[in-house]
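Protein chains in written order, with our numbering: chain A, 1 to 354; chain B, 1001 to 1253; chain C, 2001 to 2279; chain D, 3001 to 3435.
The set of hints was computed from the structure by calculation and includes no laboratory data.
Each hint should be verified, as a subset may be incorrect.
[As the list claims (entries may be wrong)] Distance condition first, Cα-Cα at most 16 Å in a straight line; then the derived EDC-like pairs of lysine to aspartate or glutamate:
hint, chain 1, residue 1, chain 2, residue 2
1, C, K2219, A, E288
2, B, K1003, A, D263
3, D, K3393, D, E3212
4, A, K90, C, D2010
5, A, K312, C, D2263
6, A, K212, A, E55
7, D, K3337, A, E42
8, D, K3392, D, D3151
9, D, K3133, B, D1027
10, D, K3334, A, D263
11, B, K1178, A, E42
12, A, K29, A, E55
13, A, K227, C, D2263
14, B, K1003, A, E265
15, D, K3133, B, E1247
16, A, K227, C, D2010
[Stated by the list, open to error] Selected chain A positions facing chain C (in silico; Cβ < 8 Å):
hint, residue
17, R98
18, H122
19, V123
20, G267
21, C276
22, Y308
23, A311
24, S313
25, K351
Cβ atoms here follow ideal geometry from the backbone N, Cα and C, with glycine treated the same way.
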Amino acid sequence: MNALDEKLNRFTKYKISEQTLRKFIDYLKQQAPVFAPHHNGEASYSYECVENSAEVVLSYPRTMQPLKKYFLPPREVLLNFNIKDNTFSKPEIIEETRIFFAVHSYEMASLKRLDYSFTQGHVESNYVSRRKYAIFVGISYTPDESHFSKSVGIDVEETEGFDLFLLPVGDGYFLLEITDTGKRLVEGFPGLAAPDTTEIKTEPLQFKSKIKYHHNRLPAVFDHVYKSKVWDKYAEICVGCGTCNLLCSTCYCFDIRDEVDLDAEHGTRTRYWDGCMLNTFAEVAGGENFRGSLARRTRHRLYRKFKYITAKSEMLHCVGCGRCSHFCPVGISMTDIVNDLITDYEEKQNKEKI
Amino acid sequence: MSKPRVAFFDFTSCEGCQLNKLNLENDLLSLLELVDIVEFREAMDDKAENYDVAFIEGSISTPSCVKRIYDIRRRAGVLVSLGSCAVLGGVNAMKNLHPADWVQEAVYGDDKYLFPSIPVQPVSAYVKVDYEIRGCPMSTPEFLHVLKSIVLGRKPEIFDHAVCVECKLHENECVLDKGMFCLGPVSRAGCEAICPENGQYCTGCRGLISNANVGGAIHMLKRHGFSEQEAKKKLQMYSSLNKLINEAECRHA
Amino acid sequence: MENLAQHAEDLYCPEIATITRVETLTASEKRFEITMPGNRPLNHKPGQFVEVSIFGFGEAPISICSSPTRGPSFDLTVRATGRLTDKMHLLEAGSQIGIRGPFGNGFDPQDFKGRDMLFICGGIGLAPLKSLIDYTLDRRNDFGRIIILYGTKNPAEILFPEEIEKWQQQTDIEFVMTVDQADEQWQGHVGVITTLIPPLELDVKNTIATVVGPPVMYKFVLMSLKGKRIPDENIYLSLERRMKCGVGKCGHCQINDTYVCQDGPVYHYPHVKQLEEAV
Amino acid sequence: MRKDLNIDVHHLTRVEGHGNIVVNMKNGVLEKAELDIVEAPRFFEAMLKGRNFMEVAIITSRICGICSLGHQIASLKATENALGLEVSEQTKILRRILTDGATFQSNTLHALFLAAPDFLSVGSVFPLVNTHKDVVLAALRLKRLANDIGDLISGRAIHPIRCVPGGFTKLPGAGDLRTLQEKLKTEGMNDLRFIVDVIASLADKIPSFTRETEYISLTSPEEYAFYDGVICSSDGGTYPVEDYLKVTNEFVVSHSSSKHARFNRSSYMVGALARYNNNHRQLHPFGREVEQKLGLTAPCYNPYMNTVAQLVEVAHCIENSIQLMDRLLTNGIKFEKPNQTPSRYGQGIAATEVPRGILFHDYTYNRQGNIVAANCIIPTGQNLENIDDDMKKLVPEIIEESKEEITHKLEMLVRAYDPCISCSVHMLDVEFIEE
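Start from the sequences and build out the full structure, keeping to the hints where you can.
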């Protein structure tokens, strides 16, 4: 038995049919609001608040926006203010239990990264209030051509961070109790039989590693490719639309803007998702732009994922969800860039040897 | 602070931007609290000598337009161009892509000399423009944003990022992925991605983002199955005066 | 998350402070004296900044230009260049204003005890450095020589004329000024700031050089300092970026792996030397 | 008796686009009484040349912001006819609701915001905010409600987004549609009744001028025609839409950058009054109610009454859209992929009644689906000769009144036609040489 299977087999688990699983969603809805993947258009998925458990999509490649939208909303009012009397109030953030259902392992891993970003140095109350009582039910998935989470060290069946986890088996699922919170949720649900003792055997190598090097070696590669010509290669076709930033599950940069009502008295201070691929992001007063070229911006984006924060947090800040590649209108793939960089790095190493 | 005196003027255009202001039904009364509208030909008889803020709709396309815009600039404190026609030349400017004579003759035949017309230009080709509100039609929230900013005495925020940004904030399904054409990745936002939001493609009515990678955009559209010629033609719908597009060559097969 | 929650801060809520004095310095710069609620001291270090906000006009990071040794109020020198700063210039004494901070990494003057201090200030860069200059002057005996080099584009842009007059008269300060372009009245030095560096006679090992100015200035000043053989570890810079949040979240001020609002704006030169995007 | 008169209204206000009124009488002889169209021509043919059928409606919508929906619908119908694209029943219902909404919106804007100030002797609607606040608020609510129809079904009332060849890119939700329908039934009908009462009390402000002319509109046995039908002349006879050129007979005049039109007489009229005269028997009960309250009877030869006919149509359109929404909701709203696979290439002609009258679009496509010929005849252009004829009859009748009064009555006359001048100069009539 491999290490992963060993770990999975330690959890108490139940066999559950899809029909019962949907009843379980209904049951969860009685405990707290449930958020899960839904169809959004012809071939697009998004997390939505569940109204009807039949509409929850259990098998999906990836949602468009990552789960971060619930913890760092795309637009969020930070303050309501009054210009005339110089007063303000902070909108109350209700600290409530929310259940996130059918979440993939890379998504959970991305939250761990966001947790780091919003609590290192200053701990941000807005983020923490939303995050504090969140409960997660994970599900394994079949990787598509854009997924590469395995390449950055995150298994499809990685259970870390989840309270419950679903593994497809036959025509149903194994429901695994990961935490005490998960156990308590399951206990109240009348639809389950006794725990199942069948041994779990995951299928090994569900997908090949798409990055040439083991993820542990990537930070070292990035020590040597700052001046690589690879950046220019991709800058030629990149159009700087910012999609990769906005949909990235670990990106969290934002902009803050004041907006005033028509009475010219009341207004809001609002933050919006922003991205370092956008032209004006690194502009300073006087118009100077320290990352004016797309090559520099692309480089900054990748260094943020594989080196800068990684050095401090000891986690790669790319989780391999593949959103940046899948949704890129130009078709630039993250793994292609990284593999090109590795090639460049190898050439450089070889030259040095000679 | 006394109420700013605001005037609206229309040049060569469809007047849809002006109509959009009349469509501010819910906010019209608040707006009238905020400013004095002193000239608005489409809606009122009054004429004024001068204005704190002049909003200009439409592009400049006849000799009499030129005279009138100089005159308005002289009388105006702040001048704001409104909508694609005023800011970019807009759809009107596609005329410039054809020989002037051909165009005149095509419409009026032998009577073409009765109606003089000069190459279409945006307002900024003739006078200093303080702020620009893009869009076809302009978006009313953005118009109100600029107006409120002027009333408060601050510079309005004008966005210079791609429509993709707002489209992704709305989590709209990507229209390129649906096999449709789209200029969202290189077109300026500020519209809340209203076209993709409604299942339609972005036609680039706000022009391109600055520093746009036009060659890259053409490459992108080819990747999605559109010819270079078609890509260029669609890029020119609103931005036919943009040299970047007219000179763009796609270096990628 | 639960234990972190105990430390959670409402990071974006300003305190409403009062402008207690406004002084016009040049055509585009004004100095504002700010008093916090209850007249409490800000407790800042020289070189730190605050996020100033006016509702409806947004926020902007502004360096504190007064020394913590003076107070409890503090001073901000503001150039009118943007949405917030333009509005700020219209405010009079008695107006209220939002303050968050102090933020960032300032100078630790303790570390400079006994050293010769060389201040190199370009344009509005004098403002952040003035907090450290004043500090060293208030603890004059703790420091060796105090040399201030100050350059502006033209005489009309000279900040703090009263202070400068005092510095020029004080015998324990070496103050040298230059302008890029002189006018008819100007009798002093003409030329860019780097022209002031070669003539200096310095005990280079014992001299701490602090540099603040517009982005274009750094490269040339650093070259001159190198020419003077001042060791890199004796050099400090303060960098300017668009710091939107001030607390290391929004990402706008990031230079390579460093957040200016957290690790800066004051940097020990060896830290940023290798960073291509820094200077 | 007055022998000389010179009137020159430069850039007539409260109309869409730039027009001047010029009247010139010398020694008792009327030398000139005309509406000069000085709007800059926009040359849409240059814009359409070689454009793909998917783009054509997007461009032609930009002919006019006021009638953008009408242009889109006419354009889409012409394109669909040319390419043999069948559209579903649901699409037709949705388009009919949009047409009702657009007529409701445009007629309300004209009657209550642009023309009504004349009845109350003010220069715009803005002073009425203080003197007649409740009326203005009701009018604003009505106009908003009309725009809500456009917003909900086409994504945006001006330059609609969702209407494409073969159908819609996105459909309204049933819940939203039900809410809107309810609002039309209650708030919409109440506000209109309230306003009609006010307008009825001002009926004596409408000049009593008549001139019988030829009235041209679409007509259909099934309904008060807006979306579809055949051409109908009050002088008798109906004509298939394909024969539109025989009806319009466009010609260039030197005082107008827009072309003029004529058919059986020296001029003809299109628009609300023409539709009313030809189709009044098919009005819904709510339309009849307003017709009676405002004292409109068919046939009516007073062009000033066009504004009144517009209000009757508003009532009719509100009721019609409520009925159509019922049909949609009963059938259930189903997502359908727009049919965009041409079954043929060639010429397609379509006509739609837009607020200002009958609108023709005529395209020819090549085998690549690109435009090779386009023609587009706009209602305001068709009305221009009729306006000139009205002025020629009116001026001698009121020649004894003060110059201000004459000017005012002429302005009111032109305004009554609700001319859409920027539209009128955007004619398309060109055949492209294929490259």
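Now for the hints, and whether the structure bears them out:
| no. | hint | verdict |
| --- | --- | --- |
| 1 | C/K2219 <-> A/E288 | holds, 15 Å |
| 2 | B/K1003 <-> A/D263 | holds, 12 Å |
| 3 | D/K3393 <-> D/E3212 | holds, 11 Å |
| 4 | A/K90 <-> C/D2010 | holds, 9 Å |
| 5 | A/K312 <-> C/D2263 | holds, 13 Å |
| 6 | A/K212 <-> A/E55 | violated, 39 Å |
| 7 | D/K3337 <-> A/E42 | holds, 11 Å |
| 8 | D/K3392 <-> D/D3151 | violated, 42 Å |
| 9 | D/K3133 <-> B/D1027 | holds, 14 Å |
| 10 | D/K3334 <-> A/D263 | violated, 42 Å |
| 11 | B/K1178 <-> A/E42 | holds, 8 Å |
| 12 | A/K29 <-> A/E55 | holds, 14 Å |
| 13 | A/K227 <-> C/D2263 | violated, 24 Å |
| 14 | B/K1003 <-> A/E265 | holds, 15 Å |
| 15 | D/K3133 <-> B/E1247 | violated, 55 Å |
| 16 | A/K227 <-> C/D2010 | violated, 40 Å |
| 17 | R98 | violated, 13 Å |
| 18 | H122 | holds, 4 Å |
| 19 | V123 | holds, 5 Å |
| 20 | G267 | holds, 5 Å |
| 21 | C276 | holds, 6 Å |
| 22 | Y308 | holds, 4 Å |
| 23 | A311 | holds, 7 Å |
| 24 | S313 | violated, 12 Å |
| 25 | K351 | violated, 21 Å |
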